[in-house]
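Model the placement of chain F on the given structure of chain V, informed by the hints.
Residue-level listing of the chains:
2 protein chains.
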Amino acid sequence: MSSASQRLQQLALNPTANVVIDGKKYDTYTEPPKALGGERAKTKFDVRELTYFLDGGKDSTEKNETVMEMIERDPIFENDDFYDLSKDETRVVSMARVGKICDYILAAESEKDISRRLSLIGLVDPGAYTRIGVHFGLFLSGVRGGGTAEQLSYWISKGAGNLKQFFGCFAMTEIGHGSNVAGLETTATFDEATDEFIINTPHLAATKWWIGGAAHTATHTLCYARLIVKGKDYGVKNFVVPLRNIHDHSLKPGIAVGDIGKKFGRDGIDNGWIQFSNVRIPRQFMLMKYNKIDSQGNVTQPPLAQLAYGALIGGRVSMVSDSFQVSKRFLTIAIRYAAARRQFSAVEGTPETKILDYTYHQRRLLPRLAYAYGMRAAAEELYDVYYSATDKLASTSTSNKAELQAAIEDVKELFSLSAGLKAFSTWGAAEIIDQTRQACGGHGYSGYNGFGQGYADWVVNCTWEGDNNILTLSAGRSLIQSGLQLRKGNRVGSAVGYLNRLDSLKKAKLNGRDILDPKVIQEAWESVSAQAIDHTVDQFVNLTEKKGLTASQAFEELSQQRFEIARIHTRNYVVRAFFDKIAHSATPGIKETLTEVALLFALWSIENDSSLFLKYGFFNSEDLDKVTEHVNTYCKKVREQAIGLTDAFNLSDFFINAPIGNFDGDVYKHYFNKVVRRNPSRDAKPHYYESSMRPFLFREEDPEIDVSELEED
Amino acid sequence: MSSASQRLQQLALNPTANVVIDGKKYDTYTEPPKALGGERAKTKFDVRELTYFLDGGKDSTEKNETVMEMIERDPIFENDDFYDLSKDETRVVSMARVGKICDYILAAESEKDISRRLSLIGLVDPGAYTRIGVHFGLFLSGVRGGGTAEQLSYWISKGAGNLKQFFGCFAMTEIGHGSNVAGLETTATFDEATDEFIINTPHLAATKWWIGGAAHTATHTLCYARLIVKGKDYGVKNFVVPLRNIHDHSLKPGIAVGDIGKKFGRDGIDNGWIQFSNVRIPRQFMLMKYNKIDSQGNVTQPPLAQLAYGALIGGRVSMVSDSFQVSKRFLTIAIRYAAARRQFSAVEGTPETKILDYTYHQRRLLPRLAYAYGMRAAAEELYDVYYSATDKLASTSTSNKAELQAAIEDVKELFSLSAGLKAFSTWGAAEIIDQTRQACGGHGYSGYNGFGQGYADWVVNCTWEGDNNILTLSAGRSLIQSGLQLRKGNRVGSAVGYLNRLDSLKKAKLNGRDILDPKVIQEAWESVSAQAIDHTVDQFVNLTEKKGLTASQAFEELSQQRFEIARIHTRNYVVRAFFDKIAHSATPGIKETLTEVALLFALWSIENDSSLFLKYGFFNSEDLDKVTEHVNTYCKKVREQAIGLTDAFNLSDFFINAPIGNFDGDVYKHYFNKVVRRNPSRDAKPHYYESSMRPFLFREEDPEIDVSELEED
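Protein chains in written order, with the UniProt record's numbering: chain V, 1 to 713; chain F, 1 to 713.
The following block holds chain V by itself, in its conformation from the complex (with noise of 0.2 Å):
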């Protein structure tokens, strides 16, 4: 009996040994916890500084894991079945979770706290997330922003504050119409007789669609609706609207609702459509703290327009958070796998080498965990600038003009910022989760491993409180208007403040300094900001002084221009952000290494944008050609780091929810182990074997044909 065999009989005996066979070893089932433990060992800064550094601090990263805790331990959140659940199970798990998420939302100390609780758990159950996200962030963040103080206090005591006889929904978009509000169809007639409005759906295209809610779980609506009075249209306001009576969740007169069924992912949450036939709701349901209508129809419309649509900005802001939330868990994911995984020999007849030692793979993997370091330093500053404007404007009096002038200054600031930093996050996002995906090759594709499931929950982010592509767009023509104001001498936001240097900036060149230096690398990018707007702003010009456009015209004409500035502004803001953040806030112990990390992140996106850098000339070719020496060689610094990097992120195992991407790294038998007990099968035939395959495999043909039977003798 040769050596070779008597080894693999032994090993019949121990299937999880390692191999020798022809005198090479194969230990690919006993080394990838090693090899990880190994990339462990070699963190050189203090991994729990990192992560206070994330979090905010010590206070809030323990407040976290508070809260983590809770949601792991609780069996009600227990989630091994959560890549094979249908549709309808889903429905059912999440509903029981709603309740749970409510008694977290209740205990809850301040409105960052509701943020942080929600934003955990929406890393375990988006769908669910969703699911109590429309009551609390869309239906009484409604009623708290467009309703009078009254009118809040008289929802919160129908059980609007604790989801008691209570539960809210958005009926915003309809089948016929998204993104523009203001042309929705859905008609609130008056009737001064009864002193109450109409709600009509005047044909199917108005019907509301997408209703997050409406299906199954919502007595009460939101509705958007055209104001008509004495035959005159006031456009969209915002109406209470009772869907089902409480007492047995029959559906009031008039309302229909249907089930939107099944979307690419969320099928947690239960997306509806609602139809109104005349249905009758008193005056009073009409918001009206901005917006006013006495007994006799009289209208009172508000000072701005603006203050009516501010229900989506929150959920927008909260968006770049979530960007950075989800990128953690599958930047994990995909890391520790490539830690662990080997894959071809560089030297024949060496073991084989890891794929995180591959330059390509280092490219796919960390400057995108670069830029999700990038991301949550602009997400914090985002809500700085959030909250701020909020408050003010909460305590600005709405009588009070000028004040409240001021106050919509600062939200429109917070909207164009917020819009470029949510479009770019969230498809930024999506992009990890689709290159981290590939990047585990196979094994991403096993619905095991999350990617699939976390994309298709992801990417409606892109889409919705806001498309993406209409957001940047408009943050495109924010900027126009910035450059068109300084023009004519006027102040612009801080956000864009750089523009104020663009006669400097317009001659900045790299000039034979460091290329590595911080200081330069952010004036390369304020540089090519500002003369892409300044270039765009010449364009806008020549079209509408020289060939007669209209504003409007020639915004449309540079519709490309626009996003591209939008793009390479938003860029330029994380850039700095993240620059800033770690001169604030970096302790001596992660100083070194999170620069590595921000180095590679800017350098990375430079090379993206290679052609502004070359157009503009603050870089040449050649060193253009550096920077993607340099992006090779910070790969290869962060490389060293990046279990480290990817520890601090402080997900549990239950968070990351993949098994190759579990802690220890022993993602070989995690994943086999998971795949089994997902799959019990004691004897791999299916039950349709009788019913359709063997009849299939063992089919007879019917006999031949033969003619000459029928034929006259």
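Errors might be hidden in some of the hints.
Identical chains blur together in the list; that is why a pair holds if it fits in one copy or across any two.
List time: in silico PhoX-like cross-link candidates among lysine-lysine, alpha-carbon distance up to 20 Å [what the hints assert, rightly or not]: (1) 626 / 615; (2) 615 / 509; (3) 626 / 547; (4) 25 / 232; (5) 232 / 24; (6) 262 / 669; (7) 636 / 626; (8) 262 / 87; (9) 230 / 25; (10) 100 / 112; (11) 685 / 262.
The set of hints was computed from the structure by calculation and includes no laboratory data.
Coordinates of chain F only, in the frame set by chain V:
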């Protein structure tokens, strides 16, 4: 009663009519089919001629239509429930379809005809297509490619030719090894005493994984395993291994099989895992066309190792064509929807604008439409190269080494060419599905418009049968090698023939010529591609000759550059193939439109890679501003013909399977009806209301704790 409320009462009787509110007409529901019809009427070319052009002639179109009609009429392919089936339901349906598809294959008149039929079935049900594809495309192709004539006829006699009491699968990848086939760890140890092989899985990481058909269907597998003879490892060879007892489908002794379970997409195919525990098979079950072993254990290796790994190439070639097929479907949906959907109005008071009229929307859809046309031209060329190379190889005697070497050179060229085209076409199609989904806003996220399922089913093409990144890097390596050959004065394959003109291409510039001249554009592409390759060859020479790196170290160091040159060379190939196909096959009636489409594709591609055109000086910065203007202009031209260009794809509503993409453009009606049909509910109350919704909404708090009761009096 006001006129508005009168009108509304009227509408309650006829909810599909148009509405006038406050003098403004609302015809959102009734207008879409008219809008689409109006666009269709603009078509200035013969749509039928264009279909012939795309299909490769009238005869081919008619054959396609015959098959399409047969599929569409066949109740087994009824697909209204496609998006609602669970994984298990999908498996049952796909098995039933496998039987029918088998009939279609057996009735085909040639290999090309099989491709045609499978490709159309793949549009309807990618899972079922894969399920039967693993037998015919992998198992049987593998036996044909690697087996002797006797082996092939033996397995055909056992039912492999017509799937009678036989179903083959393809056990190549293992959980621990995918792309690196040479590193697989399953062993096939020769036992001279019994003239058998012992097939064994030495440890868990060598478990065969992702094996399509293994979980439920296959009776046999083509197993990749290391040939071990007398303790010596001869590397990976192919063995037919019976998995199940034919008559009751139970597993053979020593075979363990399990279900891989949930995947991102293609749940219709039962991917499984297999472990072999010392399974014995006759020596004659090893495929022995190139590798041979006699009963004494004498092994003959093939003259050229590449011969053994040819099984995947056919799949790779067909994926370029499949990329076009899938792109057709989603482009048709999004472009029809864009012609029927209105959103915002350019000027207040005017009707809303069709979204197809927005500059940016045109830029999202139309260059990608043009790209799909380009893919088609490249796919056709690739098929020609494929059939010519494989025919040559098949007709070459294995004993004639010189002839074999020549045939293998052709196969190598095919490998490199198909690698780049497979990678960038499958990525391109994935991006097209993703962009077209987003271009349909929220409705793109609905399960019923097909994008989500389509994306999930599609993207595995980027990973399987050669991971795109690995293929791209390998294509990049070939390009550097070609560049090195040229410097040595050797000839290179025709796909890189333009490198022979490097010297003149280096000097090429626009020099006042017309940017819109196809000849100039092709020269621009060749110039940039040749120089990018040449620049990388310079870097390679520098690394190996001056910096002392080995060739493999230098290739590794230049990974990013390899990726980039493969990308740019492949795009250049597609641009050239597109213009060539127009020159050779476009009839006068379609030539003008096709040339506009090709120009849009080529100009848009230049814009996307403007840094290279700037770097190598073919265009300057002002030229590139012009390119952007031309892209806008050509978007507008192609926009006028966009409906005709998608109609020419010739996909019926059945094949489109997305209500917003139907031929008649009645988007809201079809979409609403589909959603209601698939989600019937009379009371909109979920089945879990009593069990989990009511207890939550009507929950009572425990009484408040009064600690005073616990205090001592």
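Which earlier hints can't be squared with this structure? Violated: none.
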